[in-house]
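Next come the chains, spelled out residue by residue.
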Amino acid sequence: MVRLIPRETKFFRMFAEVSTNLTEGARLLHHILQNPSNIVADVSKIQDIEHRGDEMTHNIFTTLNQTFITPFDREDIHALTSSIDDVLDFVNAAATRLVLYKIYNPPPAAAELAQIIVVQTEELATAVSVLEKTQLMISHCVEINRLENEADRVSRKAIAELFEHEKDPIQLIKFKELYEVLESATDKAEDAANVLETVALKSS
Amino acid sequence: MVRLIPRETKFFRMFAEVSTNLTEGARLLHHILQNPSNIVADVSKIQDIEHRGDEMTHNIFTTLNQTFITPFDREDIHALTSSIDDVLDFVNAAATRLVLYKIYNPPPAAAELAQIIVVQTEELATAVSVLEKTQLMISHCVEINRLENEADRVSRKAIAELFEHEKDPIQLIKFKELYEVLESATDKAEDAANVLETVALKSS
Amino acid sequence: MVRLIPRETKFFRMFAEVSTNLTEGARLLHHILQNPSNIVADVSKIQDIEHRGDEMTHNIFTTLNQTFITPFDREDIHALTSSIDDVLDFVNAAATRLVLYKIYNPPPAAAELAQIIVVQTEELATAVSVLEKTQLMISHCVEINRLENEADRVSRKAIAELFEHEKDPIQLIKFKELYEVLESATDKAEDAANVLETVALKSS
Chain A
1430 MVRLIPRETK FFRMFAEVST NLTEGARLLH HILQNPSNIV ADVSKIQDIE
1480 HRGDEMTHNI FTTLNQTFIT PFDREDIHAL TSSIDDVLDF VNAAATRLVL
1530 YKIYNPPPAA AELAQIIVVQ TEELATAVSV LEKTQLMISH CVEINRLENE
1580 ADRVSRKAIA ELFEHEKDPI QLIKFKELYE VLESATDKAE DAANVLETVA
1630 LKSS
Chain B
1430 MVRLIPRETK FFRMFAEVST NLTEGARLLH HILQNPSNIV ADVSKIQDIE
1480 HRGDEMTHNI FTTLNQTFIT PFDREDIHAL TSSIDDVLDF VNAAATRLVL
1530 YKIYNPPPAA AELAQIIVVQ TEELATAVSV LEKTQLMISH CVEINRLENE
1580 ADRVSRKAIA ELFEHEKDPI QLIKFKELYE VLESATDKAE DAANVLETVA
1630 LKSS
Chain C
1430 MVRLIPRETK FFRMFAEVST NLTEGARLLH HILQNPSNIV ADVSKIQDIE
1480 HRGDEMTHNI FTTLNQTFIT PFDREDIHAL TSSIDDVLDF VNAAATRLVL
1530 YKIYNPPPAA AELAQIIVVQ TEELATAVSV LEKTQLMISH CVEINRLENE
1580 ADRVSRKAIA ELFEHEKDPI QLIKFKELYE VLESATDKAE DAANVLETVA
1630 LKSS
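Residue numbers (the numbering used here), protein chains in the order written: chain A, 1430 to 1633; chain B, 1430 to 1633; chain C, 1430 to 1633.
Only chain A is shown next, with the shape it has when bound in the complex (with noise of 0.2 angstroms):
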């Protein structure tokens, strides 16, 4: 049991609000990879998202420096708080270089690493929400590390059949990286899961 004090509570309410931000995201990313035809305006809105949870992330970080009894140990808040800000970062970046790069019809397997990223972030958004009932939380971190694993398999299926069929260097180059960010996200997503093991872990 995390040994929780009452009056902490507010940190558990903003890693849920930063949590339910990143799963918007990561929603809204999946949607542009899959219909395409509005992006520049759906782009926009994830970079909103993005703010946002910069926002949300200062003002843990802000409450973390002047809180004198926390939850769980203070350098676990922070770093759970920065992986989950990761997460979003690199949603974000892969929005982003589908304007920068003009990708205007997505590969599928972005598309698919997307809905990897999806799941994750519900993941992690149930494991933030429960907390307290560490044998329920590992079992959501254990799930968020399968779908990384999963993510993995996928980007590197991917990006083996680009250098097999794309003839094109500066196309493979923009598809190369999409795949590469995408896989990125969903290693922050196993890192904020690490965080909340080591956070279960010290508390047993």
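Source of the hints: derived by calculation from the structure; they are not laboratory data.
Hints may be right or wrong, so weigh each one.
Pairs involving identical chains hold if they fit within one copy or between any two copies, as the list cannot separate such chains.
Within a straight-line C-alpha distance of at most 25 angstroms, the following computed DMTMM-like cross-link-like pairs (lysine to aspartate or glutamate) qualify [what the hints assert, rightly or not]:
#, residue 1, residue 2
1, Lys1631, Asp1483
2, Lys1474, Glu1579
3, Lys1596, Asp1502
4, Lys1531, Glu1593
5, Lys1531, Glu1579
6, Lys1531, Asp1518
7, Lys1474, Asp1616
8, Lys1631, Glu1609
Assemble the complex: chain A is given as a structure, and chains B and C must be docked to it using the hints.
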């Protein structure tokens, strides 16, 4: 107010020294990108500055590990020093790529990015020189963050134009990496500013 | 002298185990790059070694979180373990790229870089086996840092030659990334050595 322990002012002297060295490196990089006539010799000077920076960084870490009472949290001294060192690493990496990739006519956007790095490192040097004046210091950190956003905008525009107009993929690879390395330097300056803001928050 | 708490020697056993596993992976990578005749099966063996390394790393973190008194600072145990794991991740990433990018005739500079990684991992294994003998341990760390500089030189030269002579951009992308991944492995070995030096400094 940072609780300044007088006999630990050596850290402040060392921060001043390492920031001044960084500014020197950034200015030389900007000079090269505007005046590439003497590129090989000038890049070699930046590498010397980077080696000097490594030694200074190493000295701060040694002092830190041998000092019991520090002017602010040890992990923040460590993080600040590492970030300043990282900025110089990327300044050096950009310079080195000019020689390695034989970029003897650097694109104007590279000089523009280097100019942003110069101003950031000047702001950083000022910020560490007014560490005890919290409000003043924070205003310099805010400026460093604003400059990072500016660099982000410049670098994205430059990369988009590269994909738009550069038909030689190998040339595109070279310039894209140059822009990305320069942009990374500004990210690391932002990291340093974020550590300084954390220090200010903790002391308020 | 590191203040060795006898009953925590399990950490030293675990460091030995994880370092030996890493050395095995590095040697196999070097073998493949010199003898790529059995590349698919050999790369699959490296992936097994990497999975084993992941489990060992996870075990160290679990033990760390459940141990009250540690032989040296917890964050240093964490950082050392992470760095060793990162070296193996990059060894595995290099091996995986051989299959993914169908590099069946790896360039000689890749084998040269892998050979440097082998020596670094041997030095690292020795360093963690003499953790209590500060001076001796530091001499191995110095050698690991020297080898990183050497790898940097080899990799820069190889990349410069690639830009000089390789006219096929897709081939250039493949080889450049292979060199960079190999060089990153040596950076992570240097990170591990830096943690060991920190541990030595704190105990002196």
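Exercise. Hint by hint, which ones does this structure get wrong, listed from lowest number up?
Worked result: 3 and 8
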